[in-house]
Amino acid sequence: MVRYVAKRLLLAGVTLVGITIVTFAVTRLAPGDPALEAVSRGGASTMSAEAYARLRTYYDLDQPLSRQYAAWLGRVVRLDFGRSFHDGRRVTDKVGERLPATLCLAGGAVVLSLAFAIPIGLASARRAGGVFDTVAGGVLAALHSVPRYVMAMLLIVVVGVHLDWFSPYGLRSDSFEDMSYPGKAADLVRHFALIVFCFAYPLIAYQARFIRGNLLEVLGQDYIRTARAKGLSERAVLHRHAFRNTLLPLITVVGLLVPSALGGSVILETMFQWPGIGQLLFQAMTQRDYPVVMALTVVAAVVVLLCTLLADLTYALADPRVRYA
Amino acid sequence: MTTWTAYGWIVTCATAAGVWAADYDPTRDPLVNPASLFESPPASADRIADEDWIIRHLRAEPASLNPILTSSGHELTVQELLFDEPVVLGPEFEWMLNPAMAEGYSEADDHLTAELRLKAGLRWQDGVPLTAEDVVFAWQMIRSEHVPAVRARAATEGVVDCRAVNPVTVRFRFREALPTNRWRIKFPILPRHVYERGLSEDPTLSRSDTHVEANRHPVGNGPYRLVDWAAGDRIVLERWADYAGPRPRFARVIFRIVPDGNTALLMFKRAELDEMMLTPQQFARDTRDDRFARVGVKGRADQATVYCIAWNMDGTNPFFGDVRVRQGMSHALNMPLILNTVYDGLFSRSRGLFPPSSWAFNGDIPLFDYDPTKAAALLDAAGWQVDSEDGWRYRNVVGPDGTQTRVKFAFTLGFAQESKTSPQLAAVFQQDLRRVGVDMKLQALEYLTLRGRVFTHEFQAVIWAWTAEPEPDDAWNLLHSAARSGGRNFVGYANPDVDALLEQGRRSFDPEVRRGIYRALAAKVYEDAPYTFLINAPSLWAFHKRIRGVHFSPMGPAGFYPGARAWWVPAGEELRGTR
Amino acid sequence: MSPNRHSAALAVRDLRVEIRTREGIVRPVDGVSFDIRPGRTLGLAGESGCGKTVSALALMRLLPRGQARISGGSVLWSNGDGESVNLATAAEQEVRRLRGRRLAMIFQDPAAALNPVFTVGEQIAEVSRLHLGLSHGKAMRRAVSLLSRVGIADAARRAREYPHQFSGGMQQRAMLAMALAGEPGILIADEPTTALDVTVQAQIVDLLRGLQSEAGMGMLWVTHDLGVLAQVADEICVMYAGRIVERAGTRELFANPLHPYTQALLACVPRLHRPAGTGGIPGSVPTPAEVPPGCRFHPRCALSRRLAVELDAELCVNTQSGSVLRRCVDEVPALRPVGADHWVACGEVAS
Ligand SMILES: Nc1ncnc2c1ncn2[C@@H]1O[C@H](COP(=O)(O)OP(=O)(O)OP(=O)(O)O)[C@@H](O)[C@H]1O
Ligand code: SF4
Ligand SMILES: [Mg+2]
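Protein chains in written order, with the working numbering: chain A, 10 to 334; chain B, 2 to 580; chain C, 95 to 445.
Quick caveat, the hints were computed from the structure, so don't treat them as lab data.
It is possible that part of the hints are untrue.
Unchecked claim - Covered by chain A, according to a simulated footprint, are these stretches of chain B (three or more residues, beta-carbon under 8 angstroms):
| id | segment |
| --- | --- |
| 1 | 60-72 |
| 2 | 206-217 |
| 3 | 227-236 |
| 4 | 268-280 |
| 5 | 362-371 |
As the list claims (entries may be wrong) - Not the full set, but computed from the structure, chain A residues with beta-carbon under 8 angstroms of chain B:
| id | residue |
| --- | --- |
| 6 | E46 |
| 7 | V48 |
| 8 | A58 |
| 9 | Y67 |
| 10 | K103 |
| 11 | I165 |
| 12 | Y178 |
| 13 | S184 |
| 14 | Q282 |
We treat Cβ as the ideally placed atom computed from N, Cα and C, and that holds for glycine.
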């Protein structure tokens with residue numbers, strides 16, 4: 010077990026370095042640089058070759074690429090991600106202040122999607138091929154095929170702007186500070202609902218199908234017959250004996266879905282004015298803010314690698330067969 | 002990018018369902034420029050709301066609120082409410098002293114020194130007195146080798162010395178005696194007591210925690226102070242009760258950071274924004290539903306932004322060195338059609354280098370008419386003959402080694418892919434040129450990439466734009482042959498007559514003489530066509546209908562004095578913050 | 095504890111099972127009758143695929159839902175008090191009340207029959223909680239005592255372990271503990287030792303015998319191994335292709351096997367003085383989709399073939415598997431008494 014984890018971690022480390030090299034090269038070789046961005050921002054009067062050269066030196070862009078990368082890596086192993094080219098703030102601060110918003114989103118989406126997917130999956134498996142199974146399967150498949158940004162736009166325009174049931178933009182209202190506690194809670198719900206749903210609905214479809222398929226497989230197992238032979242009700246058989254066995258693969262799947270859900274956050278956060286790391290990445294790319302782009306790449310890669318590793322480990326830890334192997 | 006295209010498309014469909022205006026006439030839109038928007042405040046203060054909040058649109062997150070480091074429009078929007086400067090831009094782009102801060106300005110007879118007198122008793126928002134030393138400190142920082150003060154540094158070029166004579170008097174010394182010198186002392190000021198701390202460790206003013214914190218939560222001297230900055234979300238300012246100038250009209254100013262224009266418009270319709278800049282498309286089409294009419298009105302005015310096509314004449318291509326070719330291009334462009342279709346009738350045709358708002362504007366310049374025949378004749382004269390076989394134009398070009406090669410008139414026009422109008426304009430122009438036998442290819446580039454290409458002269462022709470500075474001497478940097486390296490003369494333009502006019506213009510102290518020189522310059526440049534001037538972009542804005550007192554300067558409704566400070570809401574019409 | 099535990103009985107009459115398959119509806123159990131008597135062990139023997147498991151599952155109404163159903167006959171459960179339920183037709187709820195409580199079942203492959211994600215103790219305790227209404231703590235303590243009763247040392251610790259930590263024999267012991275937890279009057283054991291090592295098999299056989307006599311349960315012992323039944327069964331039914339072909343007391347059956355199939359089966363049982371029949375019975379059990387007409391055993395029947403050689407040609411018929419008696423192909427032999435408590439389904443033996 011320890012050897013397995015060590016091997017996985019080593020492999021993850023090598024992958025991580027590889028990813029950073031590629032990202033480093035791609036971002037730096039893409040046209041435009043932060044000095045150009047800064048010099049362009051001020052409009053016509055500021056655009057001079059002299060100003061541009063000064064800024065390139067300011068940002069250390071006149072060094073060879075390999076040296077820039079080595080310097081970066083040297084700092085990162087000491088957990089120093091440097092300062093943003095854009096505003097001089099520590100990259101760790103910039104990422105850190107936005108992580109909670111995105112994590113709330115990912116966490117909310119996972120909880121919400123499971124809250125729907127588990128009952129739907131259970132009900133579908135209970136009468137596989139029945140009316141509910143067919144209708145739910147069809148509806149979910151249809152939902153799943155709607156691209157996130159289309160769904161987001163529809164929800165924003167119809168539910169947010171026209172019906173005004175929810176607030177599609179940002180985390181809270183401008184008058185949040187002056188609200189009572191229930192008022193604040195309601196305000197948060199009004200702001201979270203749409204974006205969390207947009208994150209969650211493809212997960213619902215995926216997870217519900219996954220749960221259903223897995224349950225059907227488990228229901229054919231001998232130990233289910235044993236459970237029935239004990240005199241347990243169908244409900245107890247399904248919810249206790251069968252579901253417990255689908256939970257483990259489900260953990261793995263959720264673990265693997267979270268990173269892909271985060272991938273969607275770049276577009277969704279921008280559309281919903283959500284101050285999370287997806288929005289930050291979008292801004293950093295357009296501003297050629299290399300240190301932030303690199304840090305977010307590392308964060309994303311670490312999240313993916315960790316989720317995969319954790320999914321494997323949870324699986325191992327949750328499944329007694331693997332745990333004691 | 003396809004995502005965003007589709008996104009925009011859905012927004013259009015969803016908000017403007019069925020409202021397709023082939024010909025939009027802003028003068029007949031009742032929501033445009035209603036008298037209420039421009040209404041002056043009543044004399045009696047109790048008829049003006051005192052506790053309302055205004056929520057303003059920021060299209061990007063400021064990098065910093067340190068006024069000498071900022072350069073983007075969206076940063077200035079916030080910063081101008083936090084910091085007062087002694088010299089400001091007036092409503093019509095005139096140089097003026099800030100009545101809340103400065104008492105006088107005088108130049109010596111030789112125009113090589115000047116004195117600026119501040120009001121006595123000024124204070125920073127933390128209570129520390131504001132003196133001439135703060136002005137001097139700011140100047141030193143701006144000129145420092147280490148500080149990345151791009152805009153402020155360019156603005157103070159030519160000031161060679163700045164020192165405090167006494168706590169309220171600053172003396173400047175200039176390199177040359179120029180009529181434009183007084184513009185050179187229009188620069189922001191900094192609280193010396195705040196920034197001096199940690200200067201030895203961080204001479205850049207932007208790379209230590211102390212300075213970054215100071216840049217993010219600045220101690221200002223303006224009508225508002227910053228109370229909250231939630232990254233990626235909003236910046237909240239509150240009225241500074243001890244402000245020396247007129248009482249700020251809003252109890253709070255909240256800036257919401259909304260990079261996407263479609264999102265911003267939807268937020269406006271939800272009354273989550275009180276003002277925003279509109280695109281032509283939004284102005285003409287997406288604001289015609291009753292959701293918009295319920296909350297907002299629109300303002301439209303001329304703006305000093307010039308759109309043109311820049312022709313690269315630095316010798317790297319065989320086409321645009323010849324004035325006849327450039328003129329031919331200008332005649333081939335179907336401007337009437339473009340004004341109507343591409344710009345929805347919202348934009349007015351450019352009449353050259355200076356916008357109508359400038360005192361140097363020349364309205365008598367004869368414009369290039371749309372005339373393919375004339376265009377063809379000019380191209381013929383320049384040696385570009387139509388090949389009877391394929392219909393394209395060709396010319397024999399002598400290479401550096403003396404050999405002749407037959408070159409086809411084929412070039413690439415670059416433009417910003419983010420632009421809503423440039424792709425359409427380019428497409429129309431492509432058809433126009435095909436008609437006269439010129440093969441133009443189109444290249445959409447990310448804005449920053451396009452800028453980079455222009456910067457390094459790696460282009461043949463681009464659709465380009467700039468906002469004209471108040472002082473026409475700014476054209477020196479754009480057109481003088483000496484500005485080909487280090488300046489903004491990216492097209493490699495060199496014309497001795499133009500050089501001479503530019504030199505004369507910057508030396509004369511007689512405004513009438515200068516006006517004459519710049520009028521002549523504008524005419525000369527228009528005719529010589531290093532740029533084919535297209536349009537002057539208008540300011541297009543949406544305001545919540547309760548907002549009054551708006552004035553459009555050549556730069557839009559804010560960014561000048563008093564600008565946004567003059568906006569007000571009638572008592573009883575408060576929307577927010579009435580507690 | 096339950097007063098009439100010693101008098102529970104199960105009377106199976108003309109049991110028929112239909113299964114829907116891709117080839118159509120098949121009847122792997124086709125008119126089976128037998129009795130499980132109080133305190134006695136009935137052995138159900140037969141080669142693989144002859145329908146033993148399907149019969150056993152049908153008794154518990156555990157046939158795969160939606161696929162298989164009891165299409166005829168009755169399964170009458172009764173206790174000494176005159177309470178009786180026909181399990182073939184009773185409502186699902188009624189059946190659930192009896193399952194695990196009045197009738198329990200253990201399976202062939204204990205490794206697969208135990209749920210891998212619950213501890214052994216939890217799985218055993220579940221039965222007492224469900225049927226005896228015990229609290230979680232009480233049920234767990236009872237599970238521990240049941241585990242020691244089935245011969246598991248250090249039961250308290252073992253109860254907290256997961257099935258995969260148990261050896262095969264211990265898993266079967268755990269299954270047994272689970273079956274005993276409801277204090278059933280009837281225990282159905284489907285090949286309880288087949289998946290186990292030979293030495294372990296003997297231990298489990300001993301254990302089951304001991305427990306059965308101790309608890310006085312009526313028991314159905316399903317196996318293809320007549321050797322085991324010789325040790326445990328009071329009475330044996332031999333099954334072939336969905337039917338009972340011979341029924342007799344254990345001693346009688348081994349002393350006097352009458353049906354040609356039984357004889358062939360016995361020839362395969364290893365004895366001390368004789369190795370196991372080489373290669374078993376020629377041919378194989380027909381699948382329920384292709385049961386032969388007449389006597390289902392006729393394609394493999396040595397007696398019929400031998401008689402066909404001896405008798406007149408007009409009494410015979412040529413089949414794929416050689417010449418057999420016409421009667422064996424034309425007539426379905428019924429199970430008929432041939433002696434005291436000895437029944438055979440073979441026209442030739444009866445006559
Ligand atoms: N669910 C099912 N679907 C189709 N056929 C089935 C099903 N269950 C059993 N059968 C068939 O019914 C017949 C009897 O099967 P059963 O499992 O009762 O045999 P068995 O006597 O228990 O054999 P074994 O010794 O292999 O356990 C077999 O031919 C089998 O293929
Ligand atoms: S009936 Fe015929 S085939 Fe069947 S067992 Fe008897 S002799 Fe053999
Ligand atoms: Mg079986």
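Problem - Verdict on chain A covering the segment 362-371 of chain B, criterion of 3 CB contacts below 8 angstroms - result: violated (count 0)
Handout entry: Minimum beta-carbon distance criterion (8 angstroms), A/Y67 to chain B
Key = With a minimum Cβ separation of about 5 angstroms from chain B (threshold 8 angstroms), the hint on A/Y67 holds.
Practice task
Check whether three or more residues of the segment 206-217 of chain B sit with their beta carbon closer than 8 angstroms to a beta carbon of chain A.
Solution key: holds (count 7)
Handout entry: A/E46 as chain B interface residue, shortest Cβ-Cβ below 8 angstroms
Key = This hint holds: A/E46 lies near chain B, its Cβ roughly 6 angstroms from the closest one there, short of 8 angstroms.
Handout entry: Within 8 angstroms of chain A's CB atoms, at least three CB atoms from the segment 268-280 of chain B: coverage verdict
Key = With 4 residues in contact (Cβ-Cβ under 8 angstroms with chain A), the coverage given for the segment 268-280 of chain B holds.
Practice task
Count residues of the segment 60-72 of chain B with a Cβ under 8 angstroms from any Cβ of chain A, then say if the count reaches three.
Solution key: Answer holds; 6 residues pass the 8 angstroms Cβ test.
Practice task
Mind checking the CB of A/V48 against every CB in chain B and telling me if the closest is under 8 angstroms?
Solution key: Holds. Min distance 6 angstroms.
Exercise for the section: Could you check if A/Y178 really has its C-beta closer than 8 angstroms to a C-beta on chain B? Expected result: 5 angstroms, holds
Handout entry: Interface hint status, A/A58 versus chain B (Cβ within 8 angstroms)
Key = For A/A58, the interface hint holds, since the closest Cβ of chain B sits about 5 angstroms away, which is under 8 angstroms.
Handout entry: Satisfaction of the A/S184 interface hint, Cβ to chain B closer than 8 angstroms
Key = For A/S184, the interface hint holds, since the closest Cβ of chain B sits about 7 angstroms away, which is under 8 angstroms.
Practice task
Double-check A/Q282 for me: the hint is only fine if its C-beta lies closer than 8 angstroms to a C-beta in chain B.
Solution key: 6 angstroms, holds
Exercise for the section: Answer holds if the nearest beta-carbon of chain B is closer than 8 angstroms to that of A/I165; otherwise answer violated. Expected result: 6 angstroms, holds
When the structure is compared with the earlier hints, a violation turns up for hint 5 alone.
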